[in-house]
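Residue numbers (full-length UniProt numbering), protein chains in the order written: chain A, 1 to 194; chain B, 1 to 194; chain C, 1 to 194; chain D, 1 to 194.
In silico lysine-lysine, BS3-like type, Cα no more than 27 Å apart, as pairs: (1) A/86 - A/192; (2) A/88 - B/88; (3) B/38 - B/68; (4) D/39 - C/30; (5) D/140 - D/86; (6) B/54 - B/30; (7) B/159 - A/86; (8) A/12 - D/38; (9) D/140 - C/192; (10) B/30 - A/54; (11) B/192 - A/86; (12) A/140 - B/192; (13) C/54 - D/54; (14) C/86 - C/192; (15) C/54 - B/38.
In case anyone wonders, no lab produced these hints; they're calculated from the structure.
4 protein chains.
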Amino acid sequence: MDGFQRRREQKKRNILEAALTLFMEYGIQKVSISEIAKKANVSQVTIYNYFESKHQLIHDVFIYYIEKSYTHFEKIVIADIPFPEKIKQFIFSKKETAKQIHEELYQHLMKEYAQEGNYIESLYAQKVIPLFTHLLNEGKEQGFVDPNLSNEAILFYVKMMSDYIQREEVYQSILPMTEDITNILFYGIVGKKD
Amino acid sequence: MDGFQRRREQKKRNILEAALTLFMEYGIQKVSISEIAKKANVSQVTIYNYFESKHQLIHDVFIYYIEKSYTHFEKIVIADIPFPEKIKQFIFSKKETAKQIHEELYQHLMKEYAQEGNYIESLYAQKVIPLFTHLLNEGKEQGFVDPNLSNEAILFYVKMMSDYIQREEVYQSILPMTEDITNILFYGIVGKKD
Amino acid sequence: MDGFQRRREQKKRNILEAALTLFMEYGIQKVSISEIAKKANVSQVTIYNYFESKHQLIHDVFIYYIEKSYTHFEKIVIADIPFPEKIKQFIFSKKETAKQIHEELYQHLMKEYAQEGNYIESLYAQKVIPLFTHLLNEGKEQGFVDPNLSNEAILFYVKMMSDYIQREEVYQSILPMTEDITNILFYGIVGKKD
Amino acid sequence: MDGFQRRREQKKRNILEAALTLFMEYGIQKVSISEIAKKANVSQVTIYNYFESKHQLIHDVFIYYIEKSYTHFEKIVIADIPFPEKIKQFIFSKKETAKQIHEELYQHLMKEYAQEGNYIESLYAQKVIPLFTHLLNEGKEQGFVDPNLSNEAILFYVKMMSDYIQREEVYQSILPMTEDITNILFYGIVGKKD
DNA sequence: AATGAATGAGGGTTCATTCAT
DNA sequence: GATGAATGAACCCTCATTCAT
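Make a model of the complete structure from these sequences and hints.
Encoded structure:
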């Protein structure tokens, strides 16, 4: 990749980052191209030169985010820490990723743009699920996870918690309950039997 | 309340219902006043006569929804069915409420309109929490709930699941895992120890 | 039609007239909605309230024009003047109609909007052709028109001349040749044989 | 002209040809510089290097077209075929020129760019009129043309027909009437008297 | 000489809101 | 009290043109 290409990529990333930040803070519909342009210090038209429509920009922002997330997730999985700690980090990782995408971004694409939704779904399936399966098998071997439970169900569970907790308003009110919530995840509302 | 007042109230309810339906189907931002007016069979200006801005309308729709939900929730709590069944219904009640508010509606107000958010929060606290506390005490007495867990944490947990599952895309993919998910809720990912 | 309706119709006509004038002077593409709005003394949005898109406005302007033309044409046909005079007026009628549509308007719809084109074509066929046939039969009876020529061919011919001459630049340069051109129409380039 | 110059001329011609083709197919306003650049396989800026504005490009395209047309016309005039055949070819020559300029191109310049219009007018006068005069004199000598008619009027007539018939939509519907139309041109609507 | 990148100005369109009846 | 009509502001997007390499 020559200097031209590299600078182009860099600018593209700038725009994506600006858009991602704004989308996360205000939601997708509320953010205009003009605002993104201002934040990225380019003209509106430049955005159109890189991404041919707002629709496409949203799509690309999403891909960008997914890849960022995946990298983050991968780090946790291969880290040298106990299994429960990994789960915890995965769920309560907001502060560390610094920027987690606003839930709306996800919903948005799922609803409005079914096709992209599917594409992303499959991208997710290909990359994230294997990683997670790996993690769960580790958990089962170490006796932290009930082998009778399907991986799908647990994946859903953890994803739900993770997604839900990312939200600013939620996160704040959750902190004091961290311990209890982790306990519920591991032992259910019936509680530990020992 | 005389006939005049009553008709006025009815018209107001019509508008709220129209708005709620549309908000749930398309999200808030995508629904214009003009569409609501059309669906409610009134003129746009009439909407402004009752709710003085779109902002206010959204607010009122939210109150309207909260109250509807509360009624629904109350029915479950006082029903003559076993505790676990109550929890299950609460979480998987989509099909029965027929119309659950779109998640976005909640997020929207929480984010955009912090003040209303608080108001609603308190309204929720006043009405829903006592009811839920009542329910959980029942659960603890019957040995279904670990008495060491805080009610807040469990409330959060159940609300999270309920909210999350309301979403159309989620609901569909969840159905086959109902049993596992319920198990995780009760016994955690460690599983039943017996 | 009550007063409401009547004022609405009047305003609609104002907009159509403004658009027609501008289209004729500058062509369709060059005229923006904003310019039409200014000329008609309304806001842009008002135009959208009446005609739901520029596309639709163009269509309606065209219909409006066709009907105006038809009325004008009808007057000539039923007038109590000799046949050759009728033909002449039909072809050189620019100054009398005051406002003849710019050729581009016609071409535009024919090319861009095939469907409307057809609709208009049929409207034309239904209304204008019968009238013209009537006129030609009169001409044939009076010995002014060769009975061996098909009406279609003559209609085409006269329409061509009429259309072509409407153009501002053409009209100016034609005036001195009026007599010759009429002669060619009646006797051809071979000339009168007597 | 050295190799350098020659390559430069060739590139210029490429651009002109690309523009002409596109203008004829879609009209002038609808064709963007970017499209012309793509079709000519050059960058937009290159176009600006050769023709310093779109305005100028249109002008040059027009000149280019006029010259092409002239050459074509000249071939007909000096061909060894009977006079009526020449007139016919001139009028119905669409298929043979393969590419006749879209009527709009003519109108466009006439209207928008009065100055160029004049320049072109004079260019036309200088080149085409002498040729046509020559042709008509031939016709008059052979008894095909009434000597009382002014050349201007006939020139107008033939040009009108030629222009009008070039249009795609017109051409199609005209074909069955070719004979009649030619007859009208030669003998008028009164018909041949013999 | 040629190009990729960038942009100001403007176009069609929608929306929440107000005016006038 | 209810409505049809009207609008300013904003949005997404395109285009002719210029800048920088």
